[in-house]
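K.L.:
For reference, the chains in residue letters:
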Amino acid sequence: MGSVRTAVIGVGQTRHVSARHDVSIAGLVREAALEALEDAGMDFGDIDAVVVGKAPDTFEGVVMPELYLADALGAVGKPLLRVHTAGSVGGSTAIVAAKLVMSGIHKRVLTVSFEKQSESNATWGLSVSMPFSAPLVAGAGGYFAPIIRAYMARSNAPRHIGHLVAVKDRLAALRNPKAHLHLPDIDLKAVEESFLLWDPLRYLDTCPSSDGAMALVIGAEDVADAAPNPSAWIHGTAMRSEPTMFAGRDQVNPQAGKDCAADVYAQAGITNPRDDFDCAEVYVPFSWYEPMWLENLGFCAEGDGWKLTEAGATAPDGDIPWNPSGGVLSSNPIGASGMIRFGEAAQQVRQRAGDYQVELKTGKALGHAYGGGSQFFSMWVVGNEKPA
Amino acid sequence: MTSTEPLIEHHVLEYPGGYTRSVGPAISRYLTGLRAGKIIGVRIGDGRVMVPPTEYDPETGGAIDEYVEVGPAGTVVCWTWVSEPRAGRHHLTKPFAFALVRPDGADVPMVHVVDVASADEMSVGMRVMPRWADDRVGYVTDLDAWVPMSDGDMARTPSPQRSGGRAGAERAPVDQSDGAASGAPDLTEPVTGITVPIRLEYEINAGVAASKYLRGMAEGRILGQRAVDSDKVYVPPRGSDPTTGAPTEIEVEVGPNGTVTTFCVTNIPGLSELAPPVPYVSAQILLDGANTPWLGLVQGIAVDDVRMGLRVRAVWDENLRPDARCLKWFEPNGEPDAPYESYREYA
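First to last, the protein sequences are chains P and F. In terms of this note's numbering, the first sequence opens at residue 628 and continues consecutively. In terms of this note's numbering, the second sequence opens at residue 14 and continues consecutively.
Just chain P, with the same shape it has in the complex (with noise of 0.2 Å):
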């Protein structure tokens, strides 16, 4: 941790949909920026420095887009960043910018992560055919469905468990105005209904394809004592890696997630995930995700994630709320997802999330991002007062 008090001090995002055609991506990543500026009772003029996130370039064919966005940005003549960790990005971005500040380089940082998925195809862009290699011709779902059928296996969960969150993410994101989908006719028939893309994998099992931008302010300690609004006090930041490949790997609970978790509640005094946290905002791309990330990042006993979710544990009634805006399931412009999960934790510590508000108690909340074949993973955790 550096020495300086940090805290999230503006959030803005865009309106999530599969295709903003009316604006450059310039044009989206600003959108998003300002509302963080308002939010934080700044503008441009007041930023030090600002730092960008997307995933892979192949997805909207801009190399370099970070330079392109600068005066979008407001960033000339300061320093720039851009950040890439695949689908964790938007995390290790917050995170970046928020060592910036705690560092004591900089007080007040403009942090951005955008993905225009309407500019080309992901599925595309992630399983770009190589010379010499075995092509992977079953996209990013294809990838994952294989782990999720041997998490099944290894933990006896019933079929209908994704389902349910697949069901429980869409309810909540019907209160969440940002949120790409809005399905308030889904039902548990409905997801079972639905085209089973990768076997155990339905359609509506899985995150849709969105144009979106996400936007933090974040400051030092004295410049968020001065802010308009309330504060996210940062209280632990975290990223690990590990190898897509290598003997022994765990690819189901990977050891660079439990690390990575263990790492940031040390820093912010989490020892009973369950209890310590309000809510959690955690990168579910596919329903069966929760539970297997329930598992890996300590909600519970390894084999016992799907009985949490099974319980309505995760639903935003529920004793331990996960995704109450909706997640990944229900918005997903790959680059900035991670750092909505950064931001919606801001956002319910800050009491400024709205009609998914969830009740206080602890008053902190974990956000997470994964990427790769689930080998990135940024964390962190943020309060409503300052840390130790």
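There is no bait here: all hints are sound.
Pairwise CB distance ranges (calculated):
| # | chain 1 | residue 1 | chain 2 | residue 2 | range |
| --- | --- | --- | --- | --- | --- |
| 1 | P | F873 | F | P29 | 29 to 37 Å |
| 2 | P | N783 | F | G302 | 24 to 32 Å |
| 3 | F | R357 | P | D673 | 51 to 59 Å |
| 4 | F | P352 | P | F873 | 19 to 27 Å |
| 5 | P | V703 | F | V153 | 18 to 26 Å |
| 6 | F | G118 | P | V703 | 20 to 28 Å |
| 7 | F | D301 | P | S760 | 16 to 24 Å |
It should be emphasised that the hints constitute simulated quantities derived from the structure, not laboratory data. Since the structure is predicted, the reported quantities are computational estimates derived from the model, not experimental observations. Don't be surprised by glycine CBs; every beta carbon is placed ideally from N, CA and C.
The hints should help you fit chain F onto chain P, whose structure is shown.
P.N.:
Frame of chain P, contents of chain F only:
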């Protein structure tokens, strides 16, 4: 080439059909203007006119929306001569000048090409006029090139003859209808989107370790590798053990039999041109003797009969070559299923 040198293959990275780019309000004005034979710039906060128009004030990041027509005549600010244009790379196929041209009324020059017969005709300060494409569709190449201006030339009409080559035949299609990349352009609506072909070409070097493994493929053998101080066999090998970084110098033949540790049934057609008809099974297969799973297809069995623990063997293309794609798929080898405990740590 000796048999120990790394294999190299030419590779083209190109999104099929090109990226569908929504251009935003500033570039929309610019492209819509080009289609009408006009050059549109924008006035920024300090009063200067930028062309092509920027979407935001490049000095302050502020919002701007005062669009102004500039030109059509302009002045060459500086230039360089391209004596050997590269086919398919340069806009013009005959020698030309790259130049910074400042249209009258603009405060900054734009990068463009000047089409003259030789470098002797180029000079800083020379006056130039746009030569418009005949079939303007709302794309940057609508302004085909700049040409020297002669006296009384202000009303010059679009040239009937294009410069040939890439500019005409390979003009990128323009998306005029929010995502539909085909069909005749609507010349009355503003340009909101374009289709952008982006192509990267590489020489991919497989590396020494992978080349050994690939040469095994050419013999119908699957060659893994392990480090001297480890019994963990990696396939495909990347040259080092990812847990220690130690070089994997010892070659170990694995397979051709293996066990399906987990799998999925894909019902989505068209995920890859190499994908078989749906439904098909892609699986993690633990090859006998290997310690990492192989991602491959399972064929020769009804998809509903595929199960964890199924024993399979590799099926090779009849044209064996140093390429992993010649291991086509796996099919049942008739052995009894492997017990779960035997592969549990790999699932």
